[in-house]
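> Line order of the protein sequences matches chains H and P.
Quick note: to get our numbering, add 337 to the position in the first sequence (first position is 1).
Quick note: to get our numbering, add 337 to the position in the second sequence (first position is 1).
Check before you lean on any hint, since a few could be wrong.
Since the list gives no way to pick one copy over another, a pair counts as held whenever it fits inside one copy or between any two copies.
Lysine-lysine pairs mimicking DSS-like chemistry, simulated, CA-CA at most 30 Å apart [said to hold, decoys possible]:
1) LYS478 / LYS562
2) LYS433 / LYS363
3) LYS478 / LYS426
4) LYS562 / LYS596
5) LYS478 / LYS374
Simulated from the structure, these hints should not be mistaken for laboratory data.
2 protein chains.
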Amino acid sequence: MTIASIYEPIQPGLRMVEESLKEFSKADLPWMTEPLKHALETGGKRIRPALTLLAGKFHQYDLEQLIPMSTAIELFHNATLVHDDAVDKSSLRRGKPTVSGLWGEGVALLLGDYLFSSSSDLVCSTGNLRVVRLFAQTLMKMSAGQLRELLSAYNWRQNRQDYYERIDSKTASLFSTATEAGAILSKAPEEAVEALKNYGHNLGMAFQIVDDILDIIGDEAELGKPVGSDLLQGTLTLPAILLMENHPGDNPLREVFEKSGDRAEVERVIEMIRNSPIVEECYRIAAAFSAQACRALEGLPENPCRRSLLDLADFLIARRK
Amino acid sequence: MTIASIYEPIQPGLRMVEESLKEFSKADLPWMTEPLKHALETGGKRIRPALTLLAGKFHQYDLEQLIPMSTAIELFHNATLVHDDAVDKSSLRRGKPTVSGLWGEGVALLLGDYLFSSSSDLVCSTGNLRVVRLFAQTLMKMSAGQLRELLSAYNWRQNRQDYYERIDSKTASLFSTATEAGAILSKAPEEAVEALKNYGHNLGMAFQIVDDILDIIGDEAELGKPVGSDLLQGTLTLPAILLMENHPGDNPLREVFEKSGDRAEVERVIEMIRNSPIVEECYRIAAAFSAQACRALEGLPENPCRRSLLDLADFLIARRK
Chain H
338 MTIASIYEPI QPGLRMVEES LKEFSKADLP WMTEPLKHAL ETGGKRIRPA LTLLAGKFHQ
398 YDLEQLIPMS TAIELFHNAT LVHDDAVDKS SLRRGKPTVS GLWGEGVALL LGDYLFSSSS
458 DLVCSTGNLR VVRLFAQTLM KMSAGQLREL LSAYNWRQNR QDYYERIDSK TASLFSTATE
518 AGAILSKAPE EAVEALKNYG HNLGMAFQIV DDILDIIGDE AELGKPVGSD LLQGTLTLPA
578 ILLMENHPGD NPLREVFEKS GDRAEVERVI EMIRNSPIVE ECYRIAAAFS AQACRALEGL
638 PENPCRRSLL DLADFLIARR K
Chain P
338 MTIASIYEPI QPGLRMVEES LKEFSKADLP WMTEPLKHAL ETGGKRIRPA LTLLAGKFHQ
398 YDLEQLIPMS TAIELFHNAT LVHDDAVDKS SLRRGKPTVS GLWGEGVALL LGDYLFSSSS
458 DLVCSTGNLR VVRLFAQTLM KMSAGQLREL LSAYNWRQNR QDYYERIDSK TASLFSTATE
518 AGAILSKAPE EAVEALKNYG HNLGMAFQIV DDILDIIGDE AELGKPVGSD LLQGTLTLPA
578 ILLMENHPGD NPLREVFEKS GDRAEVERVI EMIRNSPIVE ECYRIAAAFS AQACRALEGL
638 PENPCRRSLL DLADFLIARR K
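Please model the complete structure; the sequences and the hints are all you need to start from.
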């Protein structure tokens, strides 16, 4: 299974999204061209626009609405990456220098604002106020969630529930908006909208858990960023939370966070996790979300897009970067 | 003439906006309350929501639409302030510590995102897609303009035209959106929408020029920030541009900017401006924009709101902070 075979039913649509992203970065504003191009050529898998197109193919597949929507979803996603890297002061993403690393945090902040507002403008062009509002509410949820994460950095008093809420805000919310918007714009009946939204939410939860596992067991070259980044930045993820659960009397995270993510301490904790059954347990939890995503699709007609959504759920669990 | 007497015809509306801002900062998200309250209690004059209400009172004055719109305009404005202070790394605004000064730039960035998206959500509640889109396009224009300003910091190769374009993006665009949105939501005929938009644009131009004059001749205690901040940060404003025009052979700004806004050099330039007729000339230019704003209203019915808009144009020119 490759991502290309999964995207097969929506290939022409995805190409149009790619075209429209390219058009967009050629903005009339010469001083924007370079940072815009840099922000949009991420080498990412374009999962979110693909979700919108796939979710939009169960009813009226209207590309005139779905292309601006999918393009907007990708602009929005890239805006969040540009802002997150500025907040985290990260200099690398997927092995490439970040906008804030190259041009400074001020440029990253303003470029992100430009991308957010452009994505909102593009969604307005669908003429559908419901998806416009959904979009605004997604950014509310994401920024509030990221703010909570930032303010609770290096705080080890967090449990699974806190973690699930955080990854819902930061990742699952945009996945579910991507599928929900596709469904709404294809004039799907409400149960189908709900089902596809539900799929997106659970897929996003699984996706983020796998991301957090890879931050512990991944390979620096493949990840394009240092292993253990989350712990170094004081972000508690599922593997670390399970480790704390397994050591109720003697919290191994406490020392790491009290030393503000000291590298040697972080490496010690990573070793503890790797030498325990925690990674397997995290994969089981991710697989459970992924299975719930697939179950959400049960009431939808069987067609190539449903097959692709099911395959995508497997693919994202098995990925290595 | 006081600001209270100018706001007289819209007092009840403005009080409702104040209430709704207070409600907003009591968000259900406990970790947001303090920074939100801090960002919204600016002690500002609430000019932009007042403009929306005044512009909305020539036709159908529908507070159910105008209150969320005016509240959104103020949230949006405060979002831009929070982001600008983070970009400029300013620690003071109107004598009060900034969000980025108190909580850091990451918090300022995310809080600004939350304010922008909340304002967009609130505009969506009017159900009017035209104003929603106008809103998104205003942020596009503002962030692109601010990015241009940031990238041209300490560049003395800028003329009046560049300056007018910059202040149009950074200030006049939101003034004109405030009046245009008020007009649209009150179902004004298109010529009236155009007239009120035009008023807002010219008022915003005049307002920013006066701001830039005060940065040169103002009093630190009244301004709540150091005199000469613009030059220290490498931003060319009208007084400095006129000074360059008056010294074509021997540019007095060159040395300042080549030394990245060295304080002694900045003070020397401020003295040169103060001892010349430049300030008077800048006031003449601001007054011309203000007069153009007033002329734009000529076709509108004579009523207390028109009087207030005319008075506001005088008031903003005469202000000292």
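> For a quick check of understanding: which of the numbered hints are violated here, in increasing order?
none
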